[in-house]
Amino acid sequence: MSLPSLAALPATLKPLAERAEQNFRTAIAALSAEQIASFDSWSDERHADFARVTAGSDFVAEQVQRDPAFLLALAATGELERALQPGEMGAQLEALLADCADEDELGRRLRRFRRRQQMRIIWRDLTRRSDLAGTCRDLSDLADASIDQSLAWLYQRHCQQFGVPIGNRSGLPQKMIVLGMGKLGAGELNLSSDIDLIFGYPEGGETQGAKRALDNQEFFTRLGQKLIKSLDAITVEGFAFRVDMRLRPYGSSGPLVHSFAALEQYYQDQGRDWERYAMIKARVVGGDQEAGQRLLELLRPFVYRRYLDFSAIEALRTMKQLIQQEVRRKGMSENIKLGAGGIREVEFIAQAFQLIHGGRDLSLQQRPLLRVLAILEGQGYLPPQVVSELREGYEFLRYAEHALQAIADRQTQMLPEDEFERIRVAFIMGFANWSAFHQATNQWRERIDWHFRQVIADPDEDEEGQVDTTIGGEWIPLWEEAVDEESACRQFADAGFAQPAAAWKRLTDLRNGPQVRAMQRLGRERLDAFMPRLLNMIAERGPADVLLERVLPLIEAVARRSAYLVLLTENPGALERLLTLCAASPMVAEQIARFPILLDELLNEGRLFRPPQAAELGAELRERLMRIPEDDLEQQMETLRHFKLAHALRVVASEIAGTLPLMKVSDYLTWLAEAILEQVLSLTWDQLVQRHGRPTRVDGTPCDPDFIIIGYGKSGGLELGHGSDLDLVFIHDGDPQSETDGAKPIDGAQFYTRLGQKIIHFLTAQTPSGMLYEVDMRLRPSGASGLLVSSLRAFEAYQLGEAWTWEHQALVRARVLAGCKRVAVAFEAIRAKVLGQQRDLAELRKEVSEMRAKMRDNLGTPSTAAGTATNAFEAAAPFDLKQDAGGIVDIEFMVQYAALAWSWQHPELVEFTDNIRILEALERVGLMSGEDVLKLQDAYKAYRAAAHRLSLQKQPGVVSGDHFHAERRMVMQMWKAFELT
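Heads up: the sequence shown is residues 1 to 981, going by my numbering.
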């Protein structure tokens with residue numbers, strides 16, 4: 001939302017501003033005439049700001065009277081109007097503490113610094129010179145600087161007094177780290193926040209350099225106590241920050257400071273769900289930053305589970321219920337943080353998604369709430385409208401929170417009852433009166449509370465919040481074997497199962513199988529809760545026998561990872577989508593059973609049925625890989641494979657739902673392959689360059705990368721299907737002889753060969769998530785006996801001097817999929833040159849016909865002479881959609897023949913690589929009639945659509961001979977018209 005508008009100063013508040021100015025003038029009169037003159041020389045705008053701020057904040061009015069020099073100094077430096085630069089606040093405090101003599105003076109200077117900065121921050125907030133993010137950032141920077149500078153000052157004195165703490169294992173000096181939790185950790189402090197801290201140190205040991213050695217634990221405990229006192233103790237100067245240490249292990253009863261090993265052990269063995277929730281925001285705010293980052297990495301597996309963590313749902317639901325009970329019990333209806341629809345509910349929504357999905361979706365491992373909300377929208381976890389309402393409602397309430405706290409620098413989120421205070425809050429928020437402000441507040445809270453109640457809602461809860469315990473209840477006795485086989489079969493038959501005995505046996509085999517018998521108690525409870533639901537939904541939607549047969553392997557697969565059962569139990573929509581996909585395709589059912597992580601994709605219906613465009617695919621994959629360390633090869637491979645699996649599933653789902661036509665299916669699958677290849681090339685290139693340096697071009701300039709990946713066949717023709725392999729050729733334009741410029745130089749030819757090998761390894765290596773693609777390199781120059789990677793010049797020489805006609809046919813469907821744009825342009829020029837040669841048509845027809853005859857003999861249906869025998873059109877005869885006469889390959893060969901025969905006269909025939917557009921080009925140049933082109937295109941699309949449907953059913957591309965009579969005869973006639981035999 002935009003900043004709350006500035007309202008005119010109400011008459012009721014004007015006396016406050018006038019009194020504050022009078023008190024300020026009296027206070028500066030004791031300073032000097034020069035400072036009085038500086039105040040009088042302020043602009044009208046700054047005087048208006050003075051009136052606005054002192055009318056709105058008693059705290060500022062008191063400070064300008066108590067320490068008038070503070071405000072004059074801030075005005076003189078321009079800090080009232082400008083934002084501080086990063087690190088500027090810390091530098092100011094460091095300079096202030098440079099000559100600090102003792103702890104009492106440390107406390108005084110911290111508190112005076114805090115009062116000065118608090119006055120500046122409130123001034124900028126109330127005059128709208130700072131937005132919400134700027135105010136929160138300033139407050140968090142103030143806390144960071146106060147903690148870090150105090151700790152540094154105290155650590156130095158403690159080392160002088162007690163010696164330097166040394167680690168037993170490393171033998172190195174040890175320093176304390178301070179973790180900021182909650183709003184401090186997220187950089188979202190409000191005007192009067194407590195700061196939640198956890199103290200740690202890397203290793204046990206003892207101090208050295210003093211008369212009596214102290215155990216490191218005791219040293220850092222004393223240091224922690226002094227740090228808290230320096231910040232929290234209330235003196236005549238007030239306090240710096242209220243410190244809350246209750247989030248540490250064991251809470252108030254636990255040690256004040258823990259070693260890293262103790263922290264890791266505690267969270268691993270005893271960490272509770274609310275501690276995971278709290279640790280999301282943890283950030284190093286003081287002390288040894290490098291060691292602190294190591295600690296956070298140690299604790300990351302506790303916070304973010306590696307896979308989808310739907311096991312956290314019950315804990316989150318319990319936390320949600322506690323929040324709701326607390327609101328009702330404590331009468332917090334007017335509390336804009338803790339009340340219904342308050343700030344805490346927005347935080348809960350964001351952090352719930354982080355806990356569940358953050359282990360796999362690294363983009364959710366963020367601290368700032370608004371950034372998390374943006375990711376929830378961008379990644380499709382929440383609809384844009386929901387995120388917009390949460391964001392704007394949250395910002396409105398945070399501005400209101402600052403308005404409440406600015407009045408007296410007091411920690412409160414309660415809307416005031418006093419009429420005068422209400423006028424002030426409404427004025428600060430830019431409203432004409434309290435009624436208008438209160439109405440807007442209630443509207444935002446109602447929307448937030450509605451969204452809050454939808455998050456982690458019990459799937460069986462109705463609109464009144466009552467839970468329906470009867471869903472699937474009739475299947476409980478059957479699942480628990482409380483009925484005999486005869487009764488069970490009767491129930492299956494009544495529910496629509498055509499083979500009830502087989503269904504009963506299948507269920508019995510699952511229940512008594514090794515996977516279920518090995519389940520832990522919690523997992524078995526989850527399975528027992530899920531199976532009646534599953535059986536109920538299978539019976540309701542059907543086909544029951546097919547669904548049971550296809551879904552139970554998935555249940556067996558996830559039995560030992562029962563969080564997936566919770567996912568499906570808690571998300572009836574996801575279970576419904578799973579059954580829809582499994583009913584439509586055994587291939588999908590098998591894929592999900594093999595890779596249950598794909599269940600995550602079923603959670604978001606909008607995303608599942610809307611595959612992204614090519615540019616979005618590439619951007620999403622780059623973003624995912626950027627979050628993985630450069631040297632983590634295993635994680636890179638897993639990320640690539642999960643990306644492919646997830647997006648391929650989205651394409652299948654869209655195809656099944658009818659939202660994606662055949663041609664678009666192939667487009668998306670091809671774009672997916674291109675996005676993956678681009679990143680695989682980038683990763684392998686970076687790895688080799690890091691090891692060997694860069695190869696160079698012939699002119700001596702560094703390559704970058706001067707390498708392309710060419711796709712032939714289906715990938716080149718944008719016709720990839722489900723499970724298609726990739727026909728690839730690698731080409732480079734480096735100098736094969738010159739050496740790379742790295743620490744371990746190798747010649748260019750060897751470098752690019754290794755690059756090709758690495759790319760193939762990335763694509764074909766088997767990992768827990770399978771392989772990316774099967775790769776066929778036999779179309780490279782000289783086939784399997786040729787070099788893995790060819791230079792651009794060698795490729796051109798081979799194509800012009802040695803290549804067979806069938807290799808030129810393949811080149812018609814060749815296209816650059818990834819790599820260097822400069823080399824891609826050069827390849828396209830070579831391709832056009834090779835294909836554009838004038839050929840002897842008789843010889844060309846002979847060679848194309850002979851190659852097609854060989855393919856029919858070897859790959860066509862023997863019983864029908866590859867579709868040419870008289871029985872080929874009978875129902876009992878099979879028709880191979882691809883290889884038999886009149887099928888897909890015949891159309892492809894005619895298109896390739898035409899491109900080779902006439903592109904020397906009509907270069908547009910080889911502009912594109914897909915059959916549909918080449919056929920369109922043949923019509924444009926007058927080589928084929930529009931009617932004939934349309935017939936071939938329609939037949940080609942019909943064949944491919946049938947092949948797609950069969951692949952989804954895990955069946956070969958073969959139909960009965962009574963299919964496609966008209967299309968087959970038409971294609972065979974066209975074949976003869978081209979004078980091909």
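Simulated from the structure, these hints should not be mistaken for laboratory data.
Glycine is no exception: its CB is placed at the ideal position from the N, C-alpha and C atoms.
Treat the hints loosely; a few may be bogus.
[What the hints assert, rightly or not] Derived CB-CB ranges, DEER-like:
{"hint": "1", "residue 1": "Glu474", "residue 2": "Arg506", "range": "16 to 26 Å"}
{"hint": "2", "residue 1": "Val775", "residue 2": "Arg560", "range": "25 to 35 Å"}
{"hint": "3", "residue 1": "Glu88", "residue 2": "Ala765", "range": "31 to 41 Å"}
{"hint": "4", "residue 1": "Ala765", "residue 2": "Ala945", "range": "32 to 42 Å"}
{"hint": "5", "residue 1": "Leu788", "residue 2": "Pro543", "range": "22 to 32 Å"}
{"hint": "6", "residue 1": "Glu474", "residue 2": "Gly380", "range": "32 to 42 Å"}
{"hint": "7", "residue 1": "Gln973", "residue 2": "Asp857", "range": "18 to 28 Å"}
{"hint": "8", "residue 1": "Leu927", "residue 2": "Gly658", "range": "32 to 42 Å"}
{"hint": "9", "residue 1": "Ala829", "residue 2": "Glu81", "range": "52 to 62 Å"}
{"hint": "10", "residue 1": "Lys941", "residue 2": "Met851", "range": "40 to 50 Å"}
{"hint": "11", "residue 1": "Arg622", "residue 2": "Arg521", "range": "17 to 27 Å"}
{"hint": "12", "residue 1": "Arg66", "residue 2": "Lys14", "range": "20 to 30 Å"}
Comparing the hints with the structure gives:
Look at Glu474 against Arg506: about 19 Å separates their beta carbons, and that is inside 16 to 26 Å. For the pair Val775 and Arg560, the supplied restraint of 25 to 35 Å holds, since their beta-carbon distance comes to about 33 Å. For Glu88 and Ala765, the hinted distance range of 31 to 41 Å is not satisfied, since their beta carbons lie about 50 Å from each other. Taking 32 to 42 Å as the suggested C-beta distance range, the pair Ala765 and Ala945 conforms, at roughly 33 Å.
The hint said 22 to 32 Å for the Cβ distance between Leu788 and Pro543, and at roughly 49 Å that hint is violated. At roughly 36 Å, the beta carbons of Glu474 and Gly380 sit within the given window of 32 to 42 Å. Checked against the hint of 18 to 28 Å, the C-beta distance between Gln973 and Asp857 comes to roughly 22 Å, which is consistent with it. A C-beta distance of roughly 36 Å is found between Leu927 and Gly658, which places it inside the suggested range of 32 to 42 Å.
Distance hint check: the CB atoms of Ala829 and Glu81 are about 60 Å apart, consistent with the given range 52 to 62 Å. Against the hinted window of 40 to 50 Å, the Cβ-Cβ separation of Lys941 and Met851 comes to about 24 Å, which falls outside the hint. Between Arg622 and Arg521 the beta carbons are some 44 Å apart, a value that contradicts the proposed interval 17 to 27 Å. Restraint check, Arg66 to Lys14: a C-beta distance of roughly 22 Å satisfies the suggested window 20 to 30 Å.
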